[in-house]
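Here's the letter readout for the chains.
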Amino acid sequence: MDRREFLRLLGIGAIASSAAGCATSGRGAGAAAKTGLERMYDAAAFGNTRLLHFADCHAQLLPVYFREPNVNLGIGDRKGKLPHLVGEELLKFTGIAPGTPDAHAFTYLNFEAEARRLGRVGGFAHMAGLIKQMRAEGPRGEALLLDSGDTWQGSGTALWTRGQDMVGACNLLGVDIMTGHWEFTYLEDEIRANVEAFNGEFVAQNVKLTDDAAFFDVPAFDEVTGHAFKPYTTRMMGGHKVVIIGQAFPYTPIANPSRFIPNWTFGIRAEELQALVDQIQDHEDPEALILLSHNGMDVDLKLAAVTSGIDFILGGHTHDGMPVPTIVRNAAGGRTVVTNSGSNGKFLAVLDLDLGLGRVRDFRYRLLPIFSDLLPEDTEMAAYIQQVRAPYLSKLEETLAVSESVLYRRGNFSGTFDQVICDGMIAVGDAQIALSPGFRWGTSVLPGDPITMDRLLDQTCITYPETYVRDMTGEELKLILEDVCDNLFNPDPFYQQGGDMVRVGGMNYVCDPLARMGERISEMRLDSGELIDAAKSYKVTGWATVGSEAPGAPVWDVVAEYLRSEKTIRIDAVNSPVLKNVAGNPGISSYPS
Amino acid sequence: MKLTRRMFIQGAAAVTALMAAPRALLAWPEKAFKAGSSDEVMQALFGSADVTESGSVVLNAPDIAENGRVVPISVSSSLDGVENISVIVVENPSPLAASFDLGPGASAAVSTRIKMGKTSNVIAVVKADGKLYSAQKEVKVTIGGCGG
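Residue numbers (the numbering used here), protein chains in the order written: chain Y, 1256 to 1848; chain L, 1370 to 1517.
Some clues are possibly wrong.
Said to hold, decoys possible - Facing chain L, a subset of chain Y residues (Cβ under 8 Å, in silico): (1) S1513; (2) F1515; (3) N1742.
In short, the hints are calculated from the structure, not lab data.
The C-beta atom is built at its ideal place from N, Cα and C for all residues, glycine as well.
Use the sequences and the hints to build the structure in full.
Rendered as structure tokens:
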């Protein structure tokens, strides 16, 4: 179904084409009931204060396809709890009917057919329209727009403008407050310049100057406390006081290169956060205290349990699009509501608060999927995006190959697009084994669609894209796999970094997520079936090294070369491990056994 | 609070006197620093491994080290009569990372940077009024990368 047909079906085509930019024209009517979309964006405001939230858009300015995971395992006491429910289990838990637009938005089920039926998601022009509508319908016609970060990275134009295109887009969108993660993969001066150019406020209580940087008087928001950025901000919403504390990704200098930001040190800093919350409660006495977080949902859930005084944690990082919030009872007997609002521009969260008597009396939360074919474009944003892309358009729109399969990344172990990357690196680098990072961003491609440079950059666009081909022993390989696996499956969320497992090509292995660190990975074998010997050397290729710059070409050049020579891509199976001890876990479905 | 260069220079004059103290006067616990296990460290330092975990000892250390070669930690205690604060990294080849002798009236709060070879429990031991108290925390040392 194309946009025209879709809008005709909804009976709103005439309005949308004549008044693009007027978001309210997207309201369902007539035949929309057939698609179940008639009430999608239709909800009366509740209470007296409206917050809007998104996370992890990864610089996706245009509408995309994005397949949700079929593997998102929760282990230990997280097993079977949000966000670790996939497919039908998630629908069952949240009461979403199968086959509805919501079911498509929140799960991988029947992805290809539903993506063809309902079209692309997200895009800043459509998001802008929806945000305008949600603002206009908010109390006093206002709303506070919050962004959990991973906004300045993820596309070719974001990389080439060093995040500036996204700062401009966020200014147009009217983002009021943000925090960050991939924002910190540019150089320190570039980050400062972007924060300066951003019309909203960039907040982070957990980014501080290192002792060395403080000693040498490196500029900071607060020289005495060492906060590199403003830790929190206070806003009045129609006479109601709301405080928003920022929590940047705590493990940025570990998961990403510290060499770009040597003066800053991160960490969860739960004790300092509690001290800050106490100080704010004592001195500012807000009616609502919000943590705008890039911790990842498991870390947010634990943080909610071990702190007190935080009313809401609006989170991101692990890309969990959760249709319902999780309410956590904390040590002091209070409650903290934790949400996570998905990725790639696919969702907008609407949090309506009833504030009064010095507290949050009640709330309503909705995570709205952004079905781009249903929402009209905001013309100003559309023009801005066109202008941003214009200088790079011929490069971005080059068709490298055509896909015969659904290509995607998201999932704990591997995705079909990861397989393409690994296959390409092995072919071009003449290697035996490929390692590719388990990022959670990266858009999806439908069968028959071209794999353009745009789509390839969606999967690879980072500031440390250099590849390597080098000899590595079986022992080293095991060490890497074990290390990354512990980042994913350590039973204590505070020791998790929030990425998925490193993707492998040319080899496979058996994985027991429940085992201890050092004992999860076994039976590492080459694709030939030959066991990988700890003492033997193998020719391994990879990219995204954090310690130092790798010597080879950027990964997108390597994979583009492979795609141009292949012309068509078909992926029937991916190198994902045989799993132990996950039978009955509702965080896994449709996994090859 | 962070130590800035300005603050350092202001404080430098006061510290000079302390730095002049002859090393011979400070009993350097060579045997403890060379010990190969936590138990040996405890025996060499305190003549006992009989230590009680205590909420009155506060160890601040990162959950995951940003750089295993320089891991910032701090230890403080609300106990009276603190004579010594020591830091043990269980998995290091030489587990004793630091040992502070405190004079009477000194505030029981120290901070330093320790070196860690791999993921390990870090134990802060406080000797107060002749008894041993501790707090511990696992600090993970990772090869990094592959985060999303």
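Hint numbers not upheld by this structure, sorted from lowest to highest: Per hint list: single violation, 2.
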